[in-house]
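Peer 1: Below are the chains, spelled out letter by letter.
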Amino acid sequence: MPARRLLVMAAVLLVACGAYLSWGARGDWAFILSFRGTKLAALIVTGTAIAVSTKLFQTISGNRILTPSIMGFDALFVLLETTLLFALGGFGYTMLDPAIRFAVTLVLMTLAAILLFGTLMHGTRRDLHRMILVGIIFGVLFRSLSSLLARMIDPNEYAVLQANLFASFNQIELDLLGISTVLIVVALFAAWRLRDTLDAMELGREIAINLGIDYDRHVLVVLGIIAVLVSVATALVGPVVFFGLLITSLAYQIIPGFRHRDHLIANGLLAGIVLVAGQTLMERVFHLHTPLSVIIEMLGGLAFLILILRGHTR
Amino acid sequence: MIEIDRIGFAIGKSEILNEVSAQLPRGKMTAIIGPNGAGKSTLLSLIARLISPASGTIRVDGHNVQQTASDTLARILAVLRQENVIASRLRVRELVGFGRFPHTRGQPDAQDGEKIQWALDLMALSPFADRFLDQLSGGQRQRALIAMILCQDTDYILLDEPLNNLDLFHSRKLMQVLQDMAHRLGKTPVLVIHDINYAAKYADNILAMKQGGIFANGPTQAIFEDDLLSALFDTPIRIHQIEGQPFAMHH
Chain G
1 MPARRLLVMA AVLLVACGAY LSWGARGDWA FILSFRGTKL AALIVTGTAI AVSTKLFQTI
61 SGNRILTPSI MGFDALFVLL ETTLLFALGG FGYTMLDPAI RFAVTLVLMT LAAILLFGTL
121 MHGTRRDLHR MILVGIIFGV LFRSLSSLLA RMIDPNEYAV LQANLFASFN QIELDLLGIS
181 TVLIVVALFA AWRLRDTLDA MELGREIAIN LGIDYDRHVL VVLGIIAVLV SVATALVGPV
241 VFFGLLITSL AYQIIPGFRH RDHLIANGLL AGIVLVAGQT LMERVFHLHT PLSVIIEMLG
301 GLAFLILILR GHTR
Chain H
1 MIEIDRIGFA IGKSEILNEV SAQLPRGKMT AIIGPNGAGK STLLSLIARL ISPASGTIRV
61 DGHNVQQTAS DTLARILAVL RQENVIASRL RVRELVGFGR FPHTRGQPDA QDGEKIQWAL
121 DLMALSPFAD RFLDQLSGGQ RQRALIAMIL CQDTDYILLD EPLNNLDLFH SRKLMQVLQD
181 MAHRLGKTPV LVIHDINYAA KYADNILAMK QGGIFANGPT QAIFEDDLLS ALFDTPIRIH
241 QIEGQPFAMH H
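Chains G and H supply the protein sequences, listed in that same order.
Each residue of the first sequence is one higher than the last, beginning at 1 in my numbering.
Each residue of the second sequence is one higher than the last, beginning at 1 in my numbering.
To be clear, the hints were calculated from the coordinates, so they are not data collected in a lab.
Here a beta-carbon is modelled for each residue, glycine too, at the ideal position from N, C-alpha and C.
The calculated label-pair distances, taken between Cβ atoms and stated as ranges, are:
1. Thr119(G) x Leu136(H): 29 to 37 Å
2. Met95(G) x Glu15(H): 55 to 63 Å
3. Met1(H) x Ala11(G): 58 to 66 Å
4. Ile136(G) x Ala222(H): 55 to 63 Å
Stretch-level coverage of chain G by chain H, calculated; a stretch enters the list once three of its residues show a Cβ under 8 Å from a Cβ in chain H:
5. 60–69
6. 199–205
Which chain H residues face chain G? A few, computed with CB under 10 Å, are given here:
7. Ser45
8. Arg49
9. Ala69
10. Ser70
11. Thr72
12. Leu73
13. Ala78
14. Arg81
15. Arg91
16. Leu95
17. Phe98
18. Pro102
19. Arg105
20. Leu145
21. Ile149
The whole structure should be built from the sequences, with the hints applied where relevant.
Peer 2: Listed below in structure tokens is the structure:
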């Protein structure tokens with residue numbers, strides 16, 4: 001049954017992509033396809049990264065309500081970028097090849113995420129309340145440090161960064177798209193190879209160890225994958241808080257069972273459908289009056305509230 | 001055989017286990033008994049490599065549990081701790097099926113289906129096999145978890161207070177199943193147990209622990225003795241022989 005639903009979702013995604021590429025197109029098709037095609041690829045790549053990273057995080061933290069963004073992953077990315085700008089100055093920052101700058105932030109981000117969140121999840125007991133609390137504190141800490149640094153940076157220089165750090169599906173950083181796609185494909189492939197292990201990890205540390213999983217090492221590996229996915233997505237569109245939660249919640253509703261082989265694919269497809277269909281509507285029907293990120297954040301926030309109120313916190 | 005050699009364990013500054021050494025015989029059911037805070041569950045977790053000792057070594061069937069690959073150990077020993085919170089929304093049959101994971105790595109074959117059904121029947125779970133775990137009572141969920149452990153089909157079966165939440169019928173049934181596995185199949189169940197009369201009736205061997213150390217270790221008949229048990233629990237206990245079995249009166 002999951003296989004059929006996945007096929008239907010894939011078909012819907014194809015239709016959405018077709019609509020996005022062709023709807024209201026006039027003039028030179030080669031130009032339109034390459035222009036819109038690049039944006040389409042960027043939408044799918046980032047959407048998949050955010051959704052899959054959220055699913056992975058929920059698996060290793062043993063709940064269906066926390067996301068990397070709620071735990072401050074993307075705030076950490078913003079802090080690292082701001083620190084980089086602060087350290088290098090506006091001139092140095094802009095002179096640096098975006099790919100190299102990105103690589104440096106990515107390495108730092110992965111190390112920091114494993115260090116911070118690894119220690120948090122290393123304990124023998126996974127306490128949801130403690131995780132939420134620490135996540136909120138981390139998030140606030142990272143954001144406050146970023147804004148402190150932002151105040152100390154020359155406003156003209158900060159403007160360089162500011163454009164990157166607002167969530168926007170309209171202005172995706174296309175210069176990073178190539179390297180981002182490569183990184184995301186590698187990270188997704190790593191997650192896919194762990195799909196059966198992830199099924200066992202979702203049962204909790206002790207049962208997973210009993211089933212022969214090297215749990216503590218795998219938590220660090222998965223945190224590394226999450227760090228890469230979140231960094232890439234944040235670099236491309238800026239921080240989005242509730243999008244991942246919206247997609248994973250939908251996937252839990254649509255896909256029966258617990259298997260990551262189904263859920264990883266479903267999260268990728270659903271993320272693509274929501275972003276591509278949403279962006280098509282925004283661009284063609286509402287003519288960009290409302291940014292897509294605002295609407296998605298609103299729906300995601302609602303999903304978050306409903307999950308909390310219905311007590312689905314495990 | 002489980003060989004425990006000078007194991008030490010501490011949480012912060014409080015010492016939980018101090019230079020514990022003991023041997024648990026293969027093919028016999030061992031019950032670990034003792035007062036609260038004696039270190040029984042900690043010892044079980046250490047044997048099952050869920051936590052790492054500060055000092056000392058533990059060998060199960062000759063394998064050093066700290067150094068042997070986790071997936072190799074998963075085919076030798078299975079463990080169930082007391083509190084298990086499961087995040088995934090699973091059906092009973094799917095949970096029990098995870099017992100085959102160490103053998104097949106998530107690629108179940110027809111033989112696994114038989115093993116799963118066998119474990120479900122053993123724990124009288126067939127009527128609930130297609131229910132979700134969150135639709136079960138505490139006792140049914142406990143039986144589902146035990147069925148997963150039995151489905152793992154290991155020589156060593158470590159259970160931390162498996163009778164929690166189980167009614168008389170299922171407690172007795174579980175103890176009989178485990179005893180049968182020891183005597184007929186040569187398996188080695190090790191149970192932390194609070195009801196000492198269940199230990200008296202079914203265990204071949206008793207490991208008595210107190211204040212982070214071994215108080216006594218030996219065949220059940222030798223341990224079930226007035227003075228020894230009274231000193232172990234700091235409570236007057238009298239042993240009566242009823243129908244050839246020791247029975248501890250403690251209230």
